[in-house]
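Peer 1: Residues per chain are reported as follows:
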Amino acid sequence: MSYAYLFKYIIIGDTGVGKSCLLLQFTDKRFQPVHDLTIGVEFGARMITIDSKQIKLQIWDTAGQEAFRSITRSYYRGAAGALLVYDITRRETFNHLTTWLDDARQHSNSNMVIMLIGNKSDLESRREVKKEEGEAFAREHGLVFMETSAKTAANVEEAFINTAKEIYEKIQEGVFDINNEANGIKIGPQHSPTNPSLPGATGSSGSQGGGCC
Amino acid sequence: MDTSDSECFESADEDIQSDEELPKKVFNKDCQNLLKPNPNYELEASETLCDPRTEESKITRQNDASIKLEIAVKGDNESKNSNKASHSSSETEDICQVTSKINTINVIDDSKPVLSRKENVEGDLCNIKQVEQETVKKSRSCAKTKLGSKISKDTVKFEITPEKKKSKVVEKEKLHKTENNIISSVQIVENEKLKVDNDDQNLWDDEELDWGTETKLESDAKHNISKDNTEEYKFQPSPSSNTPQFNPHIGKKSENQSDNWGAWGSWGVSVLSTATQSVSSITSQLTNVIETGLGAADPEELARIDREEKRELKESLGKECEQDIPSEAPSVGFGLGNLVKLVENTGNKVISGGLDTLETIGKKTMEVLQEGDPGLKKKRAFLKIEQNKPVLSQILREAKERAENERNISEEVYMKKMKNYETLFDDHHGLVHLEALELLSKQCEIKLRNLQNSLNGEQYTEFLETMDQIKELCELPDEEEEDQISILEIREKLKKAVTEMNVQISYDKLMTNWEESEVWLNALNMNICDEKELHQQAIETLAQLTSLAMEQFHKIGELLLIKDRRSTADEADSLVQVTTTLTALIGIAAAKFSEKLNSKICESTNKEISGLITNVFFEAANSSSYIQDALQLLIPVLQVGAV
Numbered sequence: 001m002s003y004a005y006l007f008k009y010i011i012i013g014d015t016g017v018g019k020s021c022l023l024l025q026f027t028d029k030r031f032q033p034v035h036d037l038t039i040g041v042e043f044g045a046r047m048i049t050i051d052s053k054q055i056k057l058q059i060w061d062t063a064g065q066e067a068f069r070s071i072t073r074s075y076y077r078g079a080a081g082a083l084l085v086y087d088i089t090r091r092e093t094f095n096h097l098t099t100w101l102d103d104a105r106q107h108s109n110s111n112m113v114i115m116l117i118g119n120k121s122d123l124e125s126r127r128e129v130k131k132e133e134g135e136a137f138a139r140e141h142g143l144v145f146m147e148t149s150a151k152t153a154a155n156v157e158e159a160f161i162n163t164a165k166e167i168y169e170k171i172q173e174g175v176f177d178i179n180n181e182a183n184g185i186k187i188g189p190q191h192s193p194t195n196p197s198l199p200g201a202t203g204s205s206g207s208q209g210g211g212c213c
Numbered sequence: 001m002d003t004s005d006s007e008c009f010e011s012a013d014e015d016i017q018s019d020e021e022l023p024k025k026v027f028n029k030d031c032q033n034l035l036k037p038n039p040n041y042e043l044e045a046s047e048t049l050c051d052p053r054t055e056e057s058k059i060t061r062q063n064d065a066s067i068k069l070e071i072a073v074k075g076d077n078e079s080k081n082s083n084k085a086s087h088s089s090s091e092t093e094d095i096c097q098v099t100s101k102i103n104t105i106n107v108i109d110d111s112k113p114v115l116s117r118k119e120n121v122e123g124d125l126c127n128i129k130q131v132e133q134e135t136v137k138k139s140r141s142c143a144k145t146k147l148g149s150k151i152s153k154d155t156v157k158f159e160i161t162p163e164k165k166k167s168k169v170v171e172k173e174k175l176h177k178t179e180n181n182i183i184s185s186v187q188i189v190e191n192e193k194l195k196v197d198n199d200d201q202n203l204w205d206d207e208e209l210d211w212g213t214e215t216k217l218e219s220d221a222k223h224n225i226s227k228d229n230t231e232e233y234k235f236q237p238s239p240s241s242n243t244p245q246f247n248p249h250i251g252k253k254s255e256n257q258s259d260n261w262g263a264w265g266s267w268g269v270s271v272l273s274t275a276t277q278s279v280s281s282i283t284s285q286l287t288n289v290i291e292t293g294l295g296a297a298d299p300e301e302l303a304r305i306d307r308e309e310k311r312e313l314k315e316s317l318g319k320e321c322e323q324d325i326p327s328e329a330p331s332v333g334f335g336l337g338n339l340v341k342l343v344e345n346t347g348n349k350v351i352s353g354g355l356d357t358l359e360t361i362g363k364k365t366m367e368v369l370q371e372g373d374p375g376l377k378k379k380r381a382f383l384k385i386e387q388n389k390p391v392l393s394q395i396l397r398e399a400k401e402r403a404e405n406e407r408n409i410s411e412e413v414y415m416k417k418m419k420n421y422e423t424l425f426d427d428h429h430g431l432v433h434l435e436a437l438e439l440l441s442k443q444c445e446i447k448l449r450n451l452q453n454s455l456n457g458e459q460y461t462e463f464l465e466t467m468d469q470i471k472e473l474c475e476l477p478d479e480e481e482e483d484q485i486s487i488l489e490i491r492e493k494l495k496k497a498v499t500e501m502n503v504q505i506s507y508d509k510l511m512t513n514w515e516e517s518e519v520w521l522n523a524l525n526m527n528i529c530d531e532k533e534l535h536q537q538a539i540e541t542l543a544q545l546t547s548l549a550m551e552q553f554h555k556i557g558e559l560l561l562i563k564d565r566r567s568t569a570d571e572a573d574s575l576v577q578v579t580t581t582l583t584a585l586i587g588i589a590a591a592k593f594s595e596k597l598n599s600k601i602c603e604s605t606n607k608e609i610s611g612l613i614t615n616v617f618f619e620a621a622n623s624s625s626y627i628q629d630a631l632q633l634l635i636p637v638l639q640v641g642a643v
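Sequences listed follow chains A and B, in order.
Counted the way UniProt numbering counts, the first sequence spans residues 1 to 213.
Counted the way UniProt numbering counts, the second sequence spans residues 1 to 643.
It should be emphasised that the hints constitute simulated quantities derived from the structure, not laboratory data.
We put the CB at the ideal spot given by N, CA and C, even for glycine.
Mixed in with the good hints there might be a few duds.
[To be verified] Now the stretches of chain B that chain A is said to cover, found in silico as 3 or more residues with beta-carbon under 8 Å: (1) 492-500; (2) 563-577.
[To be verified] Calculated pairs, BS3-like style, for lysine-lysine (alpha carbon to alpha carbon, straight line, at most 25 Å): (3) A:Lys186 with B:Lys442; (4) B:Lys400 with B:Lys379; (5) B:Lys509 with A:Lys29; (6) A:Lys53 with A:Lys170; (7) B:Lys442 with B:Lys563; (8) A:Lys165 with A:Lys56.
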């Protein structure tokens with residue numbers, strides 16, 4: 001489970017646009033039509049390989065409900081990438097994009113890569129938002145755009161991996177300071193010769209853990 | 001002739017019972033390949049005896065669904081016992097009892113069909129068809145000429161009785177017998193012919209020549225045999241009798257060979273054994289052909305051989321037909337022998353041909369190799385250089401050792417990784433929940449600081465007091481309760497605390513997780529379980545429990561923040577309860593695992609084990625500190641609610 005980098009992603013967007021389903025499709029490769037409302041934030045993780053480097057994507061799947069808005073804002077900090085999701089069958093979710101985008105820009109670092117995602121592309125018959133509109137919005141705000149279907153898994157991998165590629169490129173370009181964890185990028189644990197059976201070797205890499213004994 | 005024939009029949013009949021079973025297996029394959037029903041027909045037909053009115057032909061499908069056509073001729077001649085159906089060529093008593101299952105049919109058929117059929121089974125269906133056709137024709141012709149018009153349809157009852165009814169059929173047969181009915185089972189396709197042959201070769205004489213020519217013409221004859229036969233026999237349907245129905249099913253069902261060898265007992269056996277041998281030899285030869293044929297055998301050659309085979313087969317058939325051999329066995333043997341030889345010869349030809357081809361290839365290869373390198377000097381020199389290098393096997397052995405070492409190292413690394421508490425804690429999202437809680441906490445702190453900065457004078461001091469009060473509320477009791485609390489109590493306490501906090505979370509998952517671990521521990525066979533495995537499980541359990549605890553703390557924080565009406569004191573009290581309870585649970589878990597590890601230490605004073613136990617307690621302390629830290633992180637959340 002060693003990885004070269006860890007990227008923190010955050011998924012945002014109105015409630016019911018399929019954020020949790022996208023995550024489930026990406027991490028578990030399955031689709032769950034009925035999903036419990038997300039409380040605060042849920043997590044998922046998956047390893048991907050870019051440029052023959054193992055990269056762990058740690059995905060924060062936030063609650064879309066208005067009630068959690070203030071809470072989820074605090075999670076934006078330290079995300080390297082964000083998936084801004086709307087539902088192509090519900091125009092209001094598209095209309096709220098500006099609010100979400102402002103929120104994201106305000107509470108995260110400026111280099112965060114944002115991917116605009118029009119989900120539920122399998123429901124073509126109920127489409128309310130044209131693909132061109134999504135493309136236009138993305139162009140206007142400097143986002144990457146993609147239509148996905150968490151149900152059919154169409155473009156789901158691509159959405160997550162393309163975002164990771166973009167982040168990786170930014171690292172290569174030196175845009176991201178990988179030593180600053182506020183950027184949402186962590187360098188993976190080196191092959192530390194820790195012997196777990198010896199006490200003391202398990203220092204707390206967790207922010208608060210250990211230390212008290 | 002009469003005497004010899006009849007003798008043969010009688011002797012064969014006597015053996016029927018004992019030999020019935022034998023043919024089955026041998027012929028199963030054959031049957032499968034036979035598209036057509038090869039019913040055994042007991043053709044009892046004497047020209048003189050055949051009285052259309054009295055004749056009854058029944059097709060009974062015995063055990064194996066072979067069709068037995070019994071033509072019971074209720075005729076003037078009642079003296080014939082069906083069992084002993086003596087067959088004489090004489091006109092007065094031409095009672096042919098041809099009892100043949102599909103299989104037997106073939107065998108009986110001059111043994112030509114048998115052989116040919118087996119061959120066919122192995123490789124050539126066409127042959128089978130031809131043979132069958134031939135037999136059919138023979139039978140037809142026989143029927144025409146000798147038995148011919150006298151068997152009327154009405155009298156011939158073709159009853160296809162399922163296997164279950166076999167016994168009944170038998171009974172019926174017996175009845176017929178007693179009534180002096182001549183039961184002839186006519187295997188229309190081939191059996192008839194067999195019978196005729198067996199019974200009386202003379203019958204065939206006239207027709208033999210025709211067969212050869214006619215066989216080719218009748219490719220479809222098989223399926224129609226039954227109809228044709230009936231027509232040719234000129235059976236005159238009687239009101240009560242069914243027209244003969246030879247269903248294709250019959251053929252299929254005939255897979256199971258009937259035991260009914262009829263009168264062919266010992267004779268059949270010998271034929272069978274010969275046939276079996278020939279088949280096996282053919283099989284092996286065919287295999288050889290196939291093998292050698294890869295790349296070597298010329299398809300045209302094979303085709304030619306095949307044609308020859310067929311031709312010779314026909315010839316031999318013709319010969320046998322032509323020969324009026326009183327006793328059948330010799331002729332059968334002769335035919336079989338011929339066929340076997342034929343096949344062997346063919347096989348040999350093919351094999352030798354294949355070998356020749358191989359030889360040619362080898363010569364050619366050598367020529368190419370030696371081209372421009374007489375005596376292969378260069379190539380030998382080239383190979384010698386290789387000899388100076390280490391032996392290949394040695395290299396391989398070294399490589400294998402290296403690979404094994406690497407694997408061992410990687411396994412060790414893997415094991416270390418597996419045992420790493422931090423990794424496990426991360427894997428179960430404990431770390432990220434803690435991180436998220438931290439973010440929440442920071443957010444609340446910022447909020448509080450902003451508020452604090454905006455306050456002045458009394459408000460400010462009041463605010464600070466409140467903050468301190470909440471902090472005090474969240475202080476954990478110095479001494480943890482030493483007295484062990486049960487899992488049940490823990491569950492109760494957690495439930496109560498959650499209710500007081502008035503948030504929708506549950507510790508069921510966490511408790512279930514522990515209970516499962518406990519079950520695993522209790523069921524553990526200490527003799528089998530390795531201490532490292534046990535230690536790994538302990539770390540895993542601790543990491544899992546702690547992760548779940550983190551998740552709930554995180555959720556509590558989130559839910560408290562969006563809660564409408566806050567009651568900070570209750571919340572703080574509940575959180576303290578939760579924290580102490582959870583740390584107690586961690587303690588119980590660690591103790592339980594250590595206890596198990598300790599039992600290992602008694603068996604073998606292993607220093608490693610005590611190290612493992614220490615580590616379990618260390619990680620348990622780690623878990624507890626995570627839990628207590630989580631509580632600390634929640635304090636700002638509580639404070640925000642209080643102001």
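Peer 1: Compare the structure with each hint and give your call.
Peer 2: Comparing the hints with the structure gives:
1. 492-500: violated (count 0)
2. 563-577: With 0 residues closer than 8 Å to chain A, the stretch 563-577 of chain B misses the three-residue bar; violated.
3. A:Lys186 with B:Lys442: The hint holds at about 20 Å.
4. B:Lys400 with B:Lys379: violated (30 Å)
5. B:Lys509 with A:Lys29: OK: Lys509 (chain B) and Lys29 (chain A) at ~24 Å, within 25 Å.
6. A:Lys53 with A:Lys170: Measuring from Cα to Cα gives roughly 15 Å; hence the hint holds.
7. B:Lys442 with B:Lys563: Answer holds: Lys442 (chain B) to Lys563 (chain B) is near 19 Å, not above 25 Å.
8. A:Lys165 with A:Lys56: holds (12 Å)
Hint violations for this structure: numbers 1, 2 and 4, all remaining hints satisfied.
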